[in-house]
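Chains G and V, in that order, give the protein sequences.
My numbering puts the first residue of the first sequence at 29, with every later residue one more than the last.
My numbering puts the first residue of the second sequence at 319, with every later residue one more than the last.
Since the hints were derived computationally from the structure, they do not count as laboratory data.
Since the model is a prediction, treat every value here as computed from it, not as a measurement.
Some clues are possibly wrong.
What the hints assert, rightly or not - Here are the simulated lysine-lysine pairs, DSSO-like style, with alpha carbons at most 27 Å apart: (1) G:Lys128 / V:Lys381; (2) V:Lys358 / G:Lys157; (3) G:Lys155 / G:Lys128; (4) G:Lys128 / G:Lys157; (5) G:Lys155 / V:Lys358; (6) V:Lys320 / G:Lys157; (7) V:Lys320 / G:Lys128; (8) V:Lys381 / G:Lys155.
Unchecked claim - Listed below are several chain G residues computed to face chain V (Cβ distance under 7 Å; list not exhaustive): (9) Leu47; (10) Pro48; (11) Ala67; (12) Ala71; (13) Ala106; (14) Leu108; (15) Phe116; (16) Leu141; (17) Phe196; (18) Leu208; (19) Thr232.
Even glycine gets a Cβ: it sits at the ideal position worked out from N, Cα and C.
Spelled out from the first residue to the last, the chains are:
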Amino acid sequence: MYAVMSSVSSFGRGIRDSLPIVAGYLPVAFTFGVGAIQAGLSAGQALMISALVFAGASQFVFVALVGTGSSAWTLISAALLMNVRHAFYGPSLLSYLDRKQQRIPLALLAFGLTDEVFATAIAGTAKQKEGEMDVWLLGLETGAWSSWLSGTVLGACTGMQLLEQSAFIRDTLEFVLPALFCSLLLQCTRHGGRSAVLFALAGTALLGIWLENHLALLGGMLSGAVFGGLPLPATPAATEKKKTIKKNKK
Amino acid sequence: MKTVELAVIVVGVGTWLLRFLPMAGTRIFSRMPEKSFRYKMLLSLGPAAIAALVTVSLSSLLKAHDFSLLEIFSLAAGVVAVAAVQRLTDNLALSTLAPALAYGVIHSVPHWLG
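Next up, chain G with everything else stripped away, as it sits in the complex (with noise of 0.2 Å):
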């Protein structure tokens, strides 16, 4: 009894730290719901993508290329392209769980993982009692997935004509998904992890100068990643540090 209280009582802290994505998804949903309808798409067919691929960027290449009328083949590689880098997040992840006392298979777990519910949880893993980031996790999916399809169907039903009448509301919503990843940034860099996130965020500007967006956010990443991964030379103040302590153990 006290195990099943305690999943829902996870499941629901997930739902509720799905909050802040929530509220980045919705107006992103929105404008991706308004764009299937301006490319000539129906609103369940837009909710279907939404529905089965959950990746925003790509959703919104695959509705750019229906647009333009092109292939069914350069549809499907184009998505997946954007989409590679998710096959990193898995592993990552997995660093945090503890798989003896798993109980949402990871095929379930898997299916929510897009870039901000990754990032969500790596920043709030620190929080998470031992045994139940499973569960949390999912409510983090449940409420982010939820928000997504909500947000994909009032955009493809009635965005239109509001995004005509505000600009700025069209502004404002602009900066949600980079403000949420600043926030995301700041929390997670609180636990270390500097070296990476410079390196990740030079790599990834400089990249920027001559790929394609999704290139050089998979270039950054792993350019982070391996230097997150070196052994950094140790600073005077980390070596003062080491030395006081072999002092006071003696």
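Following the hints, put chain V in place on chain G, whose structure we already have.
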């Protein structure tokens, strides 16, 4: 079934496999020594991915607005607002929505002034 629906299903299954297969195949992760390069690299992947997303999302806005001074100022104000609100409240929702509102206001001032 139409081509679009078929493509959506293939992309949906493909994206899920991209997320799931590396997870399912990473049982060796639990056996990795904590000081190893691979272990530290995988741990660094999270912060690195968020940093890369920050860069791409900000640069996309800059490009979309042709690197205008108003855009540079709005983005700088938005990022400063994120840091300030997060420092004051430590609330992820507030530090996401308040700066977005600030960005929208700054962006709209020239329109409002005519």
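- Task: Check each numbered hint from earlier against the structure, then list the numbers of those it violates in ascending order.
- Result: Numbers 1, 6, 7, 8, 11, 12, 13, in rising order.
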